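Q: Keeping the supplied structure of chain A fixed, place chains B, C and D upon it in accordance with the hints.
Quick mapping for you: the protein sequence lines, in order, are chains A, B, C and D.
For the first sequence, position 104 matches number 103 in numbering that gives the first Met the number 0, and the numbering has no gaps at all.
For the second sequence, position 131 matches number 130 in numbering that gives the first Met the number 0, and the numbering has no gaps at all.
For the third sequence, position 49 matches number 48 in numbering that gives the first Met the number 0, and the numbering has no gaps at all.
For the fourth sequence, position 312 matches number 311 in numbering that gives the first Met the number 0, and the numbering has no gaps at all.
These are computed hints drawn from the structure, not numbers from a lab.
Don't take every hint at face value.
Which copy? The list can't say, so a pair holds if one copy fits it or any two copies do.
As a list, the in silico BS3-like pairs of lysine-lysine whose alpha-carbon atoms are at most 25 Å apart [unchecked claim]:
(1) K29 x K3
(2) K45 x K29
(3) K306 x K3
(4) K29 x K40
(5) K40 x K3
(6) K29 x K306
(7) K40 x K54
(8) K40 x K306
Quick caveat, the model's predicted, so the values are computed rather than measured.
Number of protein chains: 4
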Amino acid sequence: MVKKLFFTSDYMEGAHPSILRALTETNMQKTVGYGLDPFCKSAAEKIRKACCCPKAQIWFLVGGTQTNATVIGSCLRSWQGVVAAETGHISTHEAGAIESGGHKVLTLPHEMGKLQAETVKAMLEQYYDDANHEHMVEPGMVYISHPTEYGTLYSREELESIHGVCNRFGIPLYLDGARLAYALASPENDVTLADLCRLCDVFYIGGTKCGAFAGEAVVVPRVDLMPHFFSIMKQNGALLAKGRFLGIQFDCLFQDDLYFHIGADAVRYAGMIREALESRGYRLAFDTPTNQVFVLLDNRRMEELGKQVEFSFWEQTDEQHSVIRLVTSWATTEDDIRRLIDIL
Amino acid sequence: MVKKLFFTSDYMEGAHPSILRALTETNMQKTVGYGLDPFCKSAAEKIRKACCCPKAQIWFLVGGTQTNATVIGSCLRSWQGVVAAETGHISTHEAGAIESGGHKVLTLPHEMGKLQAETVKAMLEQYYDDANHEHMVEPGMVYISHPTEYGTLYSREELESIHGVCNRFGIPLYLDGARLAYALASPENDVTLADLCRLCDVFYIGGTKCGAFAGEAVVVPRVDLMPHFFSIMKQNGALLAKGRFLGIQFDCLFQDDLYFHIGADAVRYAGMIREALESRGYRLAFDTPTNQVFVLLDNRRMEELGKQVEFSFWEQTDEQHSVIRLVTSWATTEDDIRRLIDIL
Amino acid sequence: MVKKLFFTSDYMEGAHPSILRALTETNMQKTVGYGLDPFCKSAAEKIRKACCCPKAQIWFLVGGTQTNATVIGSCLRSWQGVVAAETGHISTHEAGAIESGGHKVLTLPHEMGKLQAETVKAMLEQYYDDANHEHMVEPGMVYISHPTEYGTLYSREELESIHGVCNRFGIPLYLDGARLAYALASPENDVTLADLCRLCDVFYIGGTKCGAFAGEAVVVPRVDLMPHFFSIMKQNGALLAKGRFLGIQFDCLFQDDLYFHIGADAVRYAGMIREALESRGYRLAFDTPTNQVFVLLDNRRMEELGKQVEFSFWEQTDEQHSVIRLVTSWATTEDDIRRLIDIL
Amino acid sequence: MVKKLFFTSDYMEGAHPSILRALTETNMQKTVGYGLDPFCKSAAEKIRKACCCPKAQIWFLVGGTQTNATVIGSCLRSWQGVVAAETGHISTHEAGAIESGGHKVLTLPHEMGKLQAETVKAMLEQYYDDANHEHMVEPGMVYISHPTEYGTLYSREELESIHGVCNRFGIPLYLDGARLAYALASPENDVTLADLCRLCDVFYIGGTKCGAFAGEAVVVPRVDLMPHFFSIMKQNGALLAKGRFLGIQFDCLFQDDLYFHIGADAVRYAGMIREALESRGYRLAFDTPTNQVFVLLDNRRMEELGKQVEFSFWEQTDEQHSVIRLVTSWATTEDDIRRLIDIL
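Just chain A, with the same shape it has in the complex:
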């Protein structure tokens, strides 16, 4: 197992060295708990600056599913559900966390993992046009992710449109940024943190997949969206006693713009893999501008590859072919890439 290459996901190592250093340096300092410590305050302040949003509320939670369930649960009322792409993480791979909290995920078709403003608008109009809509779940929020589960990116224009639809219907727009660092590092991305603050009602800046041991930073540009969120976090088991553990990490990630750079290599390496694949006659299942590569393979080739490389199985397309996913991360090295390309 030692010599195998790992391209399974972006959470296979520990933390970025600067995070380890910061944890080590601060280790024996004593602070209050539950995220009220100076490290969390400093991290929040840096994030507010990076977002150009001096009044934003910042909350630190531990993981993605937890963050999605806690944020969505705190925005929705009992009779409401959340609109998401059929392929949205909350729709498929969170073991029913949203429903466990009492809310339906109202799924819509997608294009390469992305919701279209038109699709959302049509769905909302149809809901309100239906004379029996009070017998149905009210769409109370829209969930998108950036990058999406397919590694694709919303353009600023697309976000503006979805924002416009949400605004017209008076429901919040929530953006899951589990892999946000890889979006920010992509040459194709034209969405800034300030844009997210302007266009989303709440979003989270992913830590776990972007260099932290664990941690996601929720940003709430307008402070009255989620009252009593501290208690809600506690109730959801999302409030760390040693909250500083998250604060120190994000303080580090937003020191000297680390978060804006940390995904750069991963995105560049993913591009190199795509290039190598295409030049060797492999077929990309779809093209994506971030740190995920989706390849269509016949099953025998997939099996072969699996002996030397760990990857994610994505889906079977027919009896003999499958799509696999290769993921790079902040921790991927040029050597990993060279070895992978050799194997290919």
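A: Coordinates of chains B, C and D only, in the frame set by chain A:
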């Protein structure tokens, strides 16, 4: 604030140095996620050995409230509630996490934070004697903590009795060991991990308050108690992508019996504080054998002390008096104690 | 069984004859469903008049537990709980319906089933004074019943006081009127429906125990308290397809002031039973001014009585004594009372 | 409004005259509450006989959404969801009742409202084949309705197949029989109550749409499927104090095979409507063998019709056309049909 002494709680620092070392050493190794990695396996194996229970299931979760809600939710059926002391952590300070999961906490009177077997028995008998009991919440589990919220300890004999009652009524006994290291290090304690495996149906070994950044290890001696617990953890936002972060820490805590020693200083220091207090004419609110000290003070004295020492306010006893709590930890130094005693 | 006397409760017969008549007369008329029919509209209008509250929203639900869970669930937010007497129906005999909906019942001591304004105030003050209150369940609503589970009544003055406390803390007051007709018929009662509209934020007028087959009418004096209640009812399985079935019954109960008279005999008969008991040397467990009679008996006497009379067992007071409950209803006849007194 | 024809649904009148008669005759008899009375016992016994299933458990609940949520909630564990057609009543028109109880509805494509055994099988296989299935909601139950929301019927053979799939995967099959009387009365139906007992793990016999004021009878052929269902009903607000109200109605519906005949006219009349429509050049949206008729109309024609007839709007098919639904019931008269045909 820099020079103030901190005796607020046992989660005011980072992690035990050996944990930091282990995290640093393993940082760039690549492993699979979600707790299926070799570090979690090794930690689980060490815990099984320490518990003399080679077949126990071990699960790593992030924090105490999360662990309580997830374990209790997975043991109870919809019509059942959990029996706990009125002072139990789940009864008071978890923001309704258990009820949020759909279950009533059925509270009973306590003695110094401890449930008495007789009280539990009487309650269960009364429930089943009541002709209308189907209109009431069925007691489906018993929750205790060791040490309790008052820092007190169950004797092995007391645990045997409660176990006997649970057994007779066929309901699981769950023990919250958030501060278990301080129990294990107390001279008054006669309960071993092997005893817990024999007498409890599920319990957790606390990490957060006992030297970890975060993390609690759930031990299930008989493996069929909580089927599908992996999915339940995921659904509850309690499954870390980088699960190894918890595995590495517990692997460390159970290396060379660290967990059995890590609380020793804290317990000794708490004894020194108690002694100093009594010799100086202070009144202990109650005596406790672990790392918490409860002092009865008049309010002016409390205010004075507060200028130099951070502590927890426990409760007001009358207009002029209050109880405060001083907590030592694995990170408390002899110097801290000397300075505190000087101030006293 | 035929000849036994039934004093178990006030839901042992069908419906008041005038209700049966109305159901029969309207049976083959066709109307729309879900409570949007003319019968529900007429009933709502009559209730608004009886309450002197022309703008009140009126909703018809099927039963008491359902009404309590649906109303409380729609008023509370996820981090909140409901304050109730330890003896409150929601605290004890609803199989955890409130907790099943995610909310803690925060219980307080009572006096003869009644909450005291002072007790509520002290609890709310203590909550907000506690520096850690964000770790606890926020008291978000107060629940009382009139008559209480002990058959006792709040005076208007007491209601004013509780209303004042709720008002000061900005939380709604909810009154469970499952047996409200028996309050309205009691000479000791000085609380009118108009008073309830003024002092409660929501209350319900009980039908099931007061002459209907089933049905409770929720009154919301200020219409913005429970938005989307129609959808919430549907989601809670509390929306009848043939909603008119409830409308017709309440239309009948509020025709010619029937609801104000329907409990009169029951209250008078309960008084006769109390008198008879006392004159024969029985001991009342406590005195109550409505349709319930609580008697302290030695167990042998209780067993004897049980051969001829069905009653409710209330509680055991010691090894040899118990309290039983005898309940009269709108359907109790003078003959029943004479026979009961003979037996006594 | 008086003279308009009502074909909106099958719950627009009161109850079958024989039910009214039975309620009247039994009105002043006194019985115990909560469904433990002799009427419920008698009704249950008759249903067991009609089902040829002497050991079946029978429970009486009030309405369809309530029954679905309560039954499904009591069969599923927290990590499981229920499989249903995209058009299933629980998927669309119950305001998220299933999700409110914590469970995802896992939707599948349908054919005319019906789930195909193959589709269910493929979905279950795919779930268990997926290496990451523990991150997803486990399909824990299959929900179908008979007749379906499209008025179509499963053949016995189709039920056998679905039963076979459920059986192989060890998950219960639940059938929603809200309109079961109209299935039993259809010449195309070859499924008996005994078949349902053999092929389903739980199903309900609809009362509300089949002649009762309200009420659904849940049949559980093997008694250990839903332990503590009484408490679960109570907790869900589904337990009537005057449970006899449901018992008397079902006792009546299963007296002299009434339930087997009560839908006959409705089905015959629906056939007459279909015939009339086709002979007059209308287009049926789809053919169905029970009491629902779906017609494709241009919008102007629909508006016209709406002046004289109340019907349900089903869906818009394009800018100028819509599908409407006409429903007959046990209470529809030949005169209604004649008038409708005249209008057409």
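Q: Look at each hint and say if it fits the structure.
A: To see whether the hints hold, each was checked on the structure:
Proximity of K29 and K3 under a CA criterion of 25 Å is satisfied inter-copy only: 10 Å between copies versus 41 Å inside one chain copy. With identical chains, the CA atoms of K45 and K29 are at most 25 Å apart within one copy only, with a shortest distance of 22 Å there and 30 Å across copies. For the identical chains of this complex, K306 and K3 are intra-copy neighbours only, at 8 Å inside a copy versus 58 Å across copies, given an alpha-carbon limit of 25 Å. In this assembly of identical chains, the alpha carbons of K29 and K40 lie at most 25 Å apart only when taken from the same copy (15 Å versus 32 Å across copies).
Taking the shortest alpha-carbon separations for K40 and K3, only the inter-copy value of 20 Å comes in at or below 25 Å, while the best intra-copy value is 41 Å. Taking identical chains as interchangeable, the C-alpha atoms of K29 and K306 lie at most 25 Å apart only when they sit on different chains, with a minimum of 16 Å there against 48 Å within one chain. Taking the shortest alpha-carbon separations for K40 and K54, only the intra-copy value of 13 Å comes in at or below 25 Å, while the best inter-copy value is 44 Å. Proximity of K40 to K306 under the C-alpha cut-off of 25 Å is restricted to the inter-copy arrangement: shortest distance 23 Å between copies versus 47 Å within a copy.
Comparing the model with each earlier hint shows no violations; every hint is respected.
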